[in-house]
Amino acid sequence: MKDPGIENFLKNLKAPSPDPAARLRAKRTALAEFERGHAANQEIKLPAEAPGPFQALLKKLRLSREEDSHGSSSMKWYMNRGFLAGAAGLCVVALGLTWVLPNLDPYTRELTQAEMPSASVPSSAAKLPGEESADAAAEAPAEAAARPLEQVAGTSTPAPELKDDAARSSYEARVRDDARLTQELAKARADARQEQEARGAMGNARAPSAPPSPASEADEVVVTGMRAPLRAAMEMKREAVTVIDALEYHEEGRDQFGHFDNNPVQRVSDAPVSTFSADVDTASYSFVRRQLNDGELPEKDAVRSEEMINYFDYAWPAANSRRSPFKPTVVVSDSPWSKGRKLVHIGIKGYDVDRGETPDANLVLLLDVSGSMNAPDKLPLVVRSMELLLDSLKPGDTVGIVVYAGAAGTVLEPTPVREKQKIVQALRSLRPGGSTAGAAGIERAYQLAEAHFRKGGVNRILLCTDGDFNVGVSGTEALKSLVERKRAKGVHLSVLGFGEGNYRDELAQALAQNGNGVAAYIDTENEARKVLVQEAGASLFTIASDVKLQVEFNPVTVSEYRLVGYETRALMTEDFNNDAVDAGDVGAGHTVTAIYEITPVGVEPQSVDEPRYDGNRPENRRENRREKRAPEADGKRDEYGFLKIRYKLPGEQESKLISEPIPLRSGGTSSAVKRDVIFSTAVAGFAQLLRGGIHTGALTYDDVLEQAQSSKGEDRFGYRAEFIELVRKAREAGR
Amino acid sequence: MDDLALIRRAQGGDATSFAELLDLYYDTIHRFAWKWCGHAANADDIAQLACIKLAGSLAQYRFQAAFTSWLYRLVISCAQDWQRSQVRHEHAELPEDEPAAGANAAEESIYLMQLLDQLEKLGEGMKETALLVHAEGLSHAEAGAILGVSESTISWRVHTIRKHMARQEARAGTAT
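Chains A and U are the protein sequences, given in the same order.
Residue numbering for the first sequence follows numbering that gives the first Met the number 0, beginning at 0 and increasing consecutively.
Residue numbering for the second sequence follows numbering that gives the first Met the number 0, beginning at 0 and increasing consecutively.
Just chain A, with the same shape it has in the complex:
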């Protein structure tokens, strides 16, 4: 943009017209404040101006009210402050309380009421506006006085799903309490009016202004709806209010990663078969990128080489039918980091479903709106990401929204994407606050997804979180088994991680793996676009499940091998043919790439020395004796090994097998494939360097840079350019 000169720029600057909702909010809050201020003035002035008998009358009125009020302590509190001051105080306390009632955030409520009339909202919210809102205001201080805040949060959760009788009866008791309070409030209000009239009757000419207008009373609950930072600003000014301040939340390097060791170099004579599960997650790459962009090297356990490699789309030829959803591409090349060794690339690209033929989707967004999500790269990015997702769905697909924080609640019943505005509205009304009850949220999301289950369609929960599930029944195992049970019923789960400092990578991984979904980490809007728009098919539509790979190496041609990455995905040899063993899913258009480094027979040095004693030689060991056949007898000197892939088509129970030999020389590969072999090698090298570089010899970041630059290709979305930038940053950070 050309600089128009700041004077002209400012002169011609047109401010956008203010948001009507914000305008309404401001007006209501200010009016409440106005009335509070004027009421307080009167109360202070009153004793001086009122003659003795008037005071006596007032006192009498007050006493009689207290007798009438069933001795409720909250009523005393309420009345002792005088009605008008009390009403304003209510507003303040309600403001504090809403802080711990995120699913009932009145702002959400207000928007929901005003602009999404048919949307379902939590039951207690659904009564607005009118009398009940004033009742809700009354409820607030009373409950605050009677119970700890957390319990208040609990009582305010909507009524349904109370399974056991005890819970129901206590809920009903509370409802009765509330009803009683409502009556008391009504009475108190009438009394307050009497008081005013009495004042008027005493001929106090200066007192009468600012009667409590019914409209402003009804509005007071709504008044509390404002953006979180503003609440904080206001609370600073009102010392009288004690609030659980979720904004004081601080994050320091609490990201949790499961530890794992690098895959070791294996002697073919010891363990000729290598088995692992396909992995299409990419969370690790985004996390590494984020750390590097902050100028730090990521911790080693955060670097999962296979996720780094699989972040990129490679030119492996795609299969062309849904029935046999992928075909493997095997390419052998020289290892750039150790002379004489070879790299074996195994690439599979899932069949890409045409957007038109995608099955209908029933998505439930499960969004973490806890206090820790209050950062620009968390909730606002979640909202933005979900909006992007809407663009990649079909009009008939439905999206529901469940939020969880201190409590869980449904913000939006499944709504067709053609009513996009409604969904966007609901998303934009979300505000962070409170702690994180992930478990309750997941349960509710499953209920919603099951209630709107689409047979033959995609039924999936998309969990967006910064990772914590720290309230309620949140044992990782219990959660995992829940996710697994629901998967069996056809509702799958994907996890999208956001933010930094609190991210529980391991848990996200575990949940997504058990739920047959992907775990992706979203740190920028670009990343959201990649995961949710460009790869929407891959993230949402499974074309093959339980995809397992197995490679048997040929001892005649290979002495040692090492699989780069997939440490957390290793399977036992016998798991390969066991269809009951779960493995990764591959979505439409996904690419999965695995790289083995192999040492051909005769290449020195070998990582593992030859045994000195004949008895230790594998062919002489007892368990192998029966196999008298000399390896040479196989006659397969032109193969490094044999690749087998097992997968199940969606909905099928029995696996299918694809197999193909790994030839010594791979001929006939296209230039695009050759280029991408180099690029994936660069990524693999980079990942291994970040993990400590124990298997990469003299490889440096500069070598990686060179490889990546030479194989950047068209790079339509700039992902590879970004990778090159990251390598530079790692080089700087490592100095």
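Keep in mind that the hints are not guaranteed to be accurate.
Claimed, not checked - Computed footprint of chain A on chain U; a stretch qualifies when at least three of its residues, placed anywhere within it, have a C-beta under 8 angstroms from a C-beta of chain A:
(1) 19 to 30
(2) 110 to 118
(3) 133 to 141
Said to hold, decoys possible - Among the chain U residues that face chain A by a calculated CB cut under 7 angstroms, a handful are:
(4) G12
(5) A14
(6) D43
To be verified - When the alpha-carbon atoms are kept at most 20 angstroms apart in a straight line, the in silico EDC-like pairs for lysine to aspartate or glutamate are as follows:
(7) U:K162 to U:E123
(8) A:K655 to A:D574
(9) A:K10 to U:E141
(10) A:K26 to U:D26
(11) A:K26 to U:D13
(12) A:K326 to A:E551
(13) A:K341 to A:D608
(14) A:K488 to A:E449
(15) A:K13 to U:E135
(16) A:K10 to U:D22
(17) A:K643 to A:E573
(18) A:K13 to U:D116
(19) A:K13 to U:E107
(20) A:K10 to U:D116
(21) A:K26 to U:D22
(22) A:K10 to U:E168
Hints are computed from structural coordinates only; laboratory data are not their basis.
A virtual CB, placed ideally from N, CA and C, is assigned to each residue, including glycine.
Once you have looked at the hints, place chain U on chain A.
What follows is chain U alone, placed relative to chain A:
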């Protein structure tokens, strides 16, 4: 309806008049808040704070300066309070929140934010001076009255800003 009469009635405690006053001036408050921060949602917050503050301090308006001038000062002080609270709670701005009201508007908003940032770095009162003089078209004397500094201080600030911006432009010119 006479604004001044309305203000008097509101000062006397009449809620209806105060509500009317808010209706009349909210747009001005919001516009100024938006220019001060360049961000719609933040402007909503600042405007809301200003309205609340107005409720409490309207009585202090003595009809000596124009009401809008008095209002500007109030909005500026709310905006500064707001900014301090943001720093205290370590909230970055939330540009993702910005509704995409056309590419042009977004570009303008981004440029404004950059500009405001630069002005802020120039020194205290620079941003407010530029906004009052250039964006609101007030005289140096009026701006001085609002900001509580002399007319010549405003003139000096305007000059400094102009010089700085010219230097920036020259630098940008040689860089490209």
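A quick look at each hint next to the structure:
Coverage of the segment 19 to 30 of chain U by chain A holds in this model, with 6 residues showing a Cβ closer than 8 angstroms to a Cβ of that chain against a need of three. Only residues whose beta carbon comes within less than 8 angstroms of a beta carbon in chain A count, and the segment 110 to 118 of chain U has 3; three or more means the coverage holds. With 3 residues having a beta carbon nearer than 8 angstroms to a beta carbon of chain A, the segment 133 to 141 of chain U meets the requirement of three or more and the stated coverage holds. The beta carbon of U:G12 comes within 4 angstroms of a beta carbon in chain A, closer than 7 angstroms, and the hint placing it at the interface holds.
Because the closest C-beta pair between U:A14 and chain A is about 5 angstroms apart, less than 7 angstroms, the hint holds. Checking U:D43 against chain A by beta carbon gives a least distance of about 4 angstroms; that is within 7 angstroms, so the hint holds. The suggested pairing of U:K162 with U:E123 holds, with an alpha-carbon distance near 16 angstroms, which does not exceed 20 angstroms. For the proposed pair A:K655 and A:D574, the alpha carbon gap of about 14 angstroms is at most 20 angstroms, so the pair holds.
Restraint check: the Cα-Cα separation between A:K10 and U:E141 comes to about 17 angstroms, which is no more than 20 angstroms; the hinted pair holds. Distance hint between A:K26 and U:D26 is fulfilled; the C-alpha atoms sit about 12 angstroms from each other, no more than 20 angstroms. For a cut-off of 20 angstroms, the pair hint linking A:K26 to U:D13 stands: about 15 angstroms separates their Cα positions. This hinted pair checks out: A:K326 and A:E551 have alpha carbons roughly 18 angstroms apart, not beyond 20 angstroms.
Annotation: proposed proximity of A:K341 to A:D608 holds, straight-line Cα distance about 19 angstroms (limit 20 angstroms). Of the supplied pair hints, the one linking A:K488 and A:E449 holds, its CA atoms being roughly 9 angstroms apart against a limit of 20 angstroms. Of the supplied pair hints, the one linking A:K13 and U:E135 holds, its CA atoms being roughly 11 angstroms apart against a limit of 20 angstroms. The hinted pair formed by A:K10 and U:D22 fails the criterion: a straight-line CA distance of about 25 angstroms is larger than 20 angstroms.
A hinted pair counts as satisfied when its Cα atoms are at most 20 angstroms apart, and A:K643 with A:E573 qualifies at roughly 13 angstroms. Taking the CA atoms of A:K13 and U:D116, the gap is near 19 angstroms; set against the 20 angstroms cutoff, the hint holds. Between A:K13 and U:E107, the direct Cα distance comes to roughly 9 angstroms. Compliance with the 20 angstroms bound is thereby established for this hinted pair. Taking the CA atoms of A:K10 and U:D116, the gap is near 18 angstroms; set against the 20 angstroms cutoff, the hint holds.
Taken as a hint, the A:K26 and U:D22 pair is honoured in the structure, with Cα atoms around 8 angstroms apart against an allowance of 20 angstroms. Between A:K10 and U:E168 the alpha-carbon distance is near 18 angstroms, which keeps this suggested pair within the 20 angstroms criterion.
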